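Start from the sequences, fold in the hints, and give me the full structure.
Protein chains in written order, with the numbering used here: chain A, 571 to 952; chain B, 571 to 952; chain C, 326 to 727; chain D, 326 to 727.
It is worth saying that the hints were derived from the structure and are not from the lab. Please read these numbers as outputs of a predicted model, since none were measured by experiment. One should not assume that every hint holds.
With a straight-line cut-off of 20 Å between C-alpha atoms, the simulated SDA-like cross-links for lysine to any residue are [to be verified]:
(1) D/K365 x D/Q507
(2) A/K605 x A/Y594
(3) A/K920 x A/Q599
(4) A/K839 x C/Y703
(5) D/K609 x A/S952
(6) C/K722 x A/L621
(7) A/K583 x A/L621
(8) D/K587 x A/A948
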Amino acid sequence: MDFDLNDEQRQLKESIDRLLLDRYGDLNQRLGYLKRPNGYADELWQQYAELGLLGIPFAEEHGGLGQGLTETMIVAEAFGRALVVEPYFATVILSGGALRHAGNAALLAELVPPLVAGKLTLALAHQERQARYDLADTATTARADGRGGYTLEGEKCVVLGGASADQLIVTARASGARRDRSGVGLFLLDAKANGVTRRDYPTQDGFRAADIGLSAVRVGPEGVLAGPEKGLEVLERVVDEAIAALAAESVGAMAALHELTVDYLKTRKQFGVPIGSFQVLQHKAVDMFTAVEQARSMAYYATMMAGEDDAGERRRAVAAAKVQIGRSARFVGETAIQLHGGIGMTMEYKAGHYFKRLTMIDMAFGDADHHLRELARAGGLS
Amino acid sequence: MDFDLNDEQRQLKESIDRLLLDRYGDLNQRLGYLKRPNGYADELWQQYAELGLLGIPFAEEHGGLGQGLTETMIVAEAFGRALVVEPYFATVILSGGALRHAGNAALLAELVPPLVAGKLTLALAHQERQARYDLADTATTARADGRGGYTLEGEKCVVLGGASADQLIVTARASGARRDRSGVGLFLLDAKANGVTRRDYPTQDGFRAADIGLSAVRVGPEGVLAGPEKGLEVLERVVDEAIAALAAESVGAMAALHELTVDYLKTRKQFGVPIGSFQVLQHKAVDMFTAVEQARSMAYYATMMAGEDDAGERRRAVAAAKVQIGRSARFVGETAIQLHGGIGMTMEYKAGHYFKRLTMIDMAFGDADHHLRELARAGGLS
Amino acid sequence: MDLRFSKEENAFRQKLRDFFRAEIPASIRTKVMENRHLQKEELVKSHKILHGKGLAVPHWPAAWGGANWTPMQQYIYTEELQYNGVPQPLPFNVSMCGPVIIAFGTDEQKRRFLPRMAALDDWWCQGFSEPGAGSDLAGLKTTAVRQGDHYVVNGQKTWTTSAQYANWIFCLCRTDPSAKKQLGISFILIDMNTPGITVRPIQTIDGGREVNEVFFDEVKVPVENLVGQEHRGWDCAKFLLGNERSGIARVGYSKQRVQRIKELASQVMAGDRPLLQDERFREKVAAVEVELKALEMTQMRVLSEERHSRDNKPNPASSILKIKGSEIQQATTALLLEVAGPLALPYRADEDEHEFGANEPAEDLAWAAPAAPGYFNYRKVSIYGGSNEIQRNIIAKAVLGF
Amino acid sequence: MDLRFSKEENAFRQKLRDFFRAEIPASIRTKVMENRHLQKEELVKSHKILHGKGLAVPHWPAAWGGANWTPMQQYIYTEELQYNGVPQPLPFNVSMCGPVIIAFGTDEQKRRFLPRMAALDDWWCQGFSEPGAGSDLAGLKTTAVRQGDHYVVNGQKTWTTSAQYANWIFCLCRTDPSAKKQLGISFILIDMNTPGITVRPIQTIDGGREVNEVFFDEVKVPVENLVGQEHRGWDCAKFLLGNERSGIARVGYSKQRVQRIKELASQVMAGDRPLLQDERFREKVAAVEVELKALEMTQMRVLSEERHSRDNKPNPASSILKIKGSEIQQATTALLLEVAGPLALPYRADEDEHEFGANEPAEDLAWAAPAAPGYFNYRKVSIYGGSNEIQRNIIAKAVLGF
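Listed below in structure tokens is the structure:
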């Protein structure tokens, strides 16, 4: 076992941290990006491309850097610390993951280069309002047109980055009942294709999401990213990798929030002394520290296991990580606000934004209790 | 609503407290009683009789005092504070409850007077080792002899006060499958009857219990306390009243343990100051106080609802009380030991004995999580 | 000992419930139950309906519109208000400033302020906290310097709820800088329309704008607006903060929230069954119901003892009402968030703000939109009015004698 | 970054596991796994088997029987010991007194004590805590007064584990009463057979008798039994308490407990299904497994960083190992108690005590008998070796810089 970063990884981390300190160091910079038309800073997206961040997980043969989950973890943790709002998660982690695992050579060759160059953004549209956390639950239909293409009909909701994306990867059911595990395919389509409607809105944590309507949307054979026989398997793999990335992002946000809180306790004076001199608040800060370190350990564990081919083992490990991340984040977020008092409740201060992001990460792809339930049903960890 | 004790109730409380201060004030007195042949002080049992404690729940027509659950609560709380080991719970609450609710006039007339006079002790033998917390689960059989009597065959375990009891009230199945709700009767038999064997042992919290074997034990018609058609209904009523009494006993023990802990924090010196000057320990003591008060409120609630005729409403209320009592007791007990440090771990000090009694009360008739499960299944409280 | 409500008490409850449901517009009560922001007009309307029936200030002396209720009746009233989604009569008027004026004010002040206060013809806000004086309220720095028949007020207050609606503010100001801390503070009433007052809204993390900063720059206040003795304002503050034990646990409010959670969770599907059928979820709900029932009984015990203890020395148990009450309120917001699940993500701008200028999420998901903001916003209940840490300090000292 | 065990590490683990299971009597390992008391003879036997293979003191310098393992190998060894129910080599010998003598002792002391210590030919116990010196260890009062070539020791130690088995005790004694607190304390080795020493057992609430009081009345100790410099014993104490980070989390132990709980819960019926099928119970078990996996990974991180940081400055994360480790151990005892349910009630006197003189509960319920005593007894793990409150104080200071 070896938890050290190698030189390339350390350089990667340092260059990201440097950039984000410059572009996200002041909370008002972020609030400014949120008001941009797309809800993020396009020029920053270009800089990520120049740093090579957009190519990390893609094989070199497809125009990527051929790096792995560890590098993704480094990026995600840094983005969590800075509360980055660019659609890295939607485009590189989710959509990029779908591209990689569907293994459609033609589409990889066509899409990865522009994606890596920052010229193409994508969004993964899988969520439906009745589905909650059941990835198989898909009411959107894909009717085969007999010529290898499909016609899509249905509604997707809270699609991250859905409004600004150039192209959409949509899950739709070609056969079977609404919650069957088989029969769901992944389809690639232009976000402006006929029959596609998008309602854009901000999310609780400052990102953008969209509800997407699909009415008689035609997809040619070239747009079939993964056929109905393997769509769900691909989606589950993508989501497990995505959870590992979210775990790292959450750890980054938790660690930064903890540091912010400790600093506040040391500087905020009441009763003529820094409130950090009160033992009860010190011990709360210690318990936050413990929660962060336990979460960090499980983020590493998720990163280590998310690439596992045995789906059962992978799922249990990732579920376990999501449980720890969610519980730690809940405790760290709520305690940080409590220790800050009123100031923590304001939009003008960074703590509340960390708290909101941590809360939403817990709920993404199933909250801690959901994954605890799944883990327990699968027989637990050992 | 009115939470005040009336004059008689106040007098009752004062007389009990006076007696127990005298006979249980020093922990060594209790440790002495435990070493007696029956595991308790027979002469104290007589004094309870003289105080009228043994007659509280029985109707005057049967030789009792015709008092109610409130008076039982007063006694139970006082016994909890003093960690009383006499078999009041086994004889008066459990067995007495069975006598009252079975409503067998002949047996009431025969048994209540000697019981109230302290001349007769009983034990309720319902637990079987496979049954866990399922009151219906009864493998012990009762074979009708065609002359109104039965022959009992089977094994009972951890019967409180089972070894010292003069008579036993036994649950046995006359018909149906092991876990059926119907077919279980209550039978009264002499503890020395042919075919009855008893293995006596101490319990974790200082009481005595027995495993009881029943081999071809004959019970005449006069020994049928409650027939198979109503035995379970009676048992459930008895257990709900018993839980209300245990809740009060638990509150008495919790409150005393909390006071003991606060006193210790004020007197124990480390680093040249009383450890009670440390804010973290103060707040722990405050959270213990909160837990005790919440438990006290639910002990009142259980007392108020245990007499309810609507079985469903009664069960939900009593289950809710058991949940709160169990959770408060767990927190108060563990925290008290933690705040005491090593001394709390020793047999020579009272805190540990409270902790053990609180733990065992939580497990009696189902622990907090068991009752939370039952309550949730029944649709919750509101 | 009789632990059930009397027939009279139940009838009293029913009468109030019928009135609230019949007379307070459903649109307003629904908004409260769904935890959405109310407009000023809605709050005024509801308050005046209550006032018309003598239900705005029942706890005041009869001479000023009170109803001479028992503590238990007062509790039933509060619980029914909360349970039925009726907005509380503006607490700054009826529970904070009003009682202070009744206890410390001059007859002139009572005649001048109480009737308009009870009728919500004046809207009051509270000028206590300052950037440097939160938990340590007595550390406040806002000064009121006597100049002839006026005080000149300078300084800044913060966390001032609904200052944007208020035309009056009651303030703690330092009138004697030489005296130390609690001494030298005065309780002063200030007309918000006086020149030199600036109100700046503070946006909270849920997106709401219910609190404000209030700046005082050379604000002239007539001396007759002093309540009680000069420099003795801390007595008024202590009295105010110690007041109103019957509503602080917010039992009725939490009861309504739990019921709503159960209704929604019986409709939201989790896999092949309603979320409410999921064992873990329904046990979490039941656990909150147990805590809430215990709190309700604790509240009852406090009230039943207040009946006789006329010395107004509260039952020790009363000190846990705020801590447990806030914890339970927060637990209900977390449960609602869990019910909403992925549908909680969309941010739905409130009526009063559209800064993102974006579209709204779908209308039929409106029920889920307040879930996350409610969870975020309710972190405040364990912070304001003396944080739960401060509450524990108080109990440690006052109850446990540390 | 490579987060998996290497092939070599896995082979190393397998070799140890095979040896432990083959060579350590199953009767002993079963007793450990069922949390029942071991007799002295059993502990000695197991220790000597390990020592025969050089597995009693692998972390000592090679010169004294060490194995030159990497921190990771040391960890795997400890985890496998715990996981397979092998009693740890007596910690007072191998992890406490031994390392102190190696670091501070004279060559003569090393030659005299270390070999017999490693072989458990001498049984050592620890004389640190006193009735007045628990969390505040430096407040100890036991004195050692120099008289020619002897110290005369007077005072009392307490919570001395297995003093009844020991023939040696290492003590902290005050040699300079004038110096304040930490200064003026010396680390002294005392032969338990010296006249003037009395051992009194303390029965703990689980019924066990593992700890004792040790009284010193005019006990003469040769000066050559002083370790390190006179009056500088606190350095030895700090060194000793800071030692051994690889075993403190007790991950292997808890893993074995969780596995046993799952086995038992799959046999115990709750209603119509095994308890392990109950959603709530299995989710509680899973929650502990998650915490335990996180702790294991944290432990790995600490070890992997110790590899390079030769300054022996521990990773901040190491400070949470004791807190989390103790919480998880206690959680497992609570789960086992829940599995036993009503069958946990019977008290089963240990081999060494029959004070109640009563019968035993049925033999086939023996598995349930240690459940409650284990739960009671394990409250100690958050108390001894610096309570979790003290641990938090340390982290607040050392890690967070308060």
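Each hint tested on the structure:
{"no.": "1", "hint": "D/K365 x D/Q507", "result": "35 Å, violated"}
{"no.": "2", "hint": "A/K605 x A/Y594", "result": "15 Å, holds"}
{"no.": "3", "hint": "A/K920 x A/Q599", "result": "12 Å, holds"}
{"no.": "4", "hint": "A/K839 x C/Y703", "result": "25 Å, violated"}
{"no.": "5", "hint": "D/K609 x A/S952", "result": "14 Å, holds"}
{"no.": "6", "hint": "C/K722 x A/L621", "result": "58 Å, violated"}
{"no.": "7", "hint": "A/K583 x A/L621", "result": "11 Å, holds"}
{"no.": "8", "hint": "D/K587 x A/A948", "result": "13 Å, holds"}
Checked against the numbered hints given earlier, this structure breaks hints 1, 4, 6; the rest are met.
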